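Residue numbers (our numbering), protein chains in the order written: chain A, 13 to 129; chain B, 315 to 425.
Hints may contain errors.
To be verified - Here are the simulated lysine-lysine pairs, DSS-like style, with alpha carbons at most 27 angstroms apart:
1. A/K67 to B/K412
2. B/K363 to B/K420
3. A/K78 to B/K412
4. A/K53 to B/K363
5. A/K53 to B/K420
6. A/K26 to A/K53
7. A/K76 to B/K412
8. A/K32 to B/K412
9. B/K412 to A/K53
10. B/K391 to B/K412
11. B/K336 to A/K53
12. B/K412 to B/K383
13. B/K424 to B/K391
14. A/K53 to B/K424
15. B/K424 to B/K336
16. A/K78 to A/K26
17. A/K78 to A/K67
18. B/K391 to A/K53
19. A/K26 to A/K76
20. B/K420 to B/K383
21. A/K53 to A/K32
Claimed, not checked - Derived contacts from chain B toward chain A, CB cut-off under 10 angstroms, selection only:
22. V318
23. Q320
24. Y350
25. R356
26. L358
27. F360
28. L402
29. F404
By construction, these hints were calculated from the structure, which means they are not laboratory data. These figures come from a predicted structure and were not determined experimentally. Just so you know, even glycine gets a beta-carbon here, dropped at the ideal spot from N, CA and C.
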Amino acid sequence: GAVVSQHPSWVICKSGTSVKIECRSLDFQATTMFWYRQFPKQSLMLMATSNEGSKATYEQGVEKDKFLINHASLTLSTLTVTSAHPEDSSFYICSASVPGVRNTEAFFGQGTRLTVV
Amino acid sequence: AQSVAQPEDQVNVAEGNPLTVKCTYSVSGNPYLFWYVQYPNRGLQFLLKYITGDNLVKGSYGFEAEFNKSQTSFHLKKPSALVSDSALYFCAVRPLNKFYFGSGTKLNVKP
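Using the sequences and the accompanying hints, generate a full structural model.
Below, the structure written as structure tokens:
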């Protein structure tokens, strides 16, 4: 199947700093990528849909200025957690699917464990 | 509204026994249904999907799932569980471009 690579796998940062997480589709072009947040023992919560060349679409309750998403190319989307606080500590996962083919499965990155101290 | 329900937070089964992880869904139109598995601190891995056709879908690692339209269910099954199957399992539906996930079921397979 297609490969989605997410980097870094884990990061520890100080409160008040910003952290950038990268999501790359390695063998296909993804016009749309998705960013999820997962709390311990809980399901994935869709945060936003990242659209190449345009603004991301955020789900209700997700702060746009807090979680900046950039999708500058067909193979790269980034999520920047700005002015991070301990409550932002979580597992963040990106995914992408082959564009225009609704029935294909989504391909997921390996996730990023963010710890804000 | 689209939704997926996994009624069991946890399923315990002995190695070698059959396992079932339950999933029910609510979706408008034709359902596109998926099962994913997640190991600790990892992303999700695709197991299988139902798009159309045969109600019994076979997937990776010996897993299969049965689509039941009248009961709006898509239960995941395996005839003989392995300890290595222990993980978190998610059912998902895909209307249009978004995936909606169930709450997840932790599968514990004991030797």
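Hints, verified against the model:
| no. | hint | result |
| --- | --- | --- |
| 1 | A/K67 to B/K412 | holds, 17 angstroms |
| 2 | B/K363 to B/K420 | holds, 20 angstroms |
| 3 | A/K78 to B/K412 | holds, 22 angstroms |
| 4 | A/K53 to B/K363 | holds, 24 angstroms |
| 5 | A/K53 to B/K420 | holds, 9 angstroms |
| 6 | A/K26 to A/K53 | holds, 25 angstroms |
| 7 | A/K76 to B/K412 | holds, 19 angstroms |
| 8 | A/K32 to B/K412 | holds, 24 angstroms |
| 9 | B/K412 to A/K53 | holds, 22 angstroms |
| 10 | B/K391 to B/K412 | holds, 25 angstroms |
| 11 | B/K336 to A/K53 | holds, 17 angstroms |
| 12 | B/K412 to B/K383 | holds, 21 angstroms |
| 13 | B/K424 to B/K391 | holds, 17 angstroms |
| 14 | A/K53 to B/K424 | holds, 20 angstroms |
| 15 | B/K424 to B/K336 | holds, 19 angstroms |
| 16 | A/K78 to A/K26 | holds, 16 angstroms |
| 17 | A/K78 to A/K67 | holds, 15 angstroms |
| 18 | B/K391 to A/K53 | holds, 22 angstroms |
| 19 | A/K26 to A/K76 | holds, 21 angstroms |
| 20 | B/K420 to B/K383 | holds, 25 angstroms |
| 21 | A/K53 to A/K32 | holds, 24 angstroms |
| 22 | V318 | holds, 9 angstroms |
| 23 | Q320 | holds, 9 angstroms |
| 24 | Y350 | holds, 8 angstroms |
| 25 | R356 | holds, 6 angstroms |
| 26 | L358 | holds, 4 angstroms |
| 27 | F360 | holds, 4 angstroms |
| 28 | L402 | holds, 8 angstroms |
| 29 | F404 | holds, 7 angstroms |
In the structure shown, no violation is registered for any of the earlier numbered hints.
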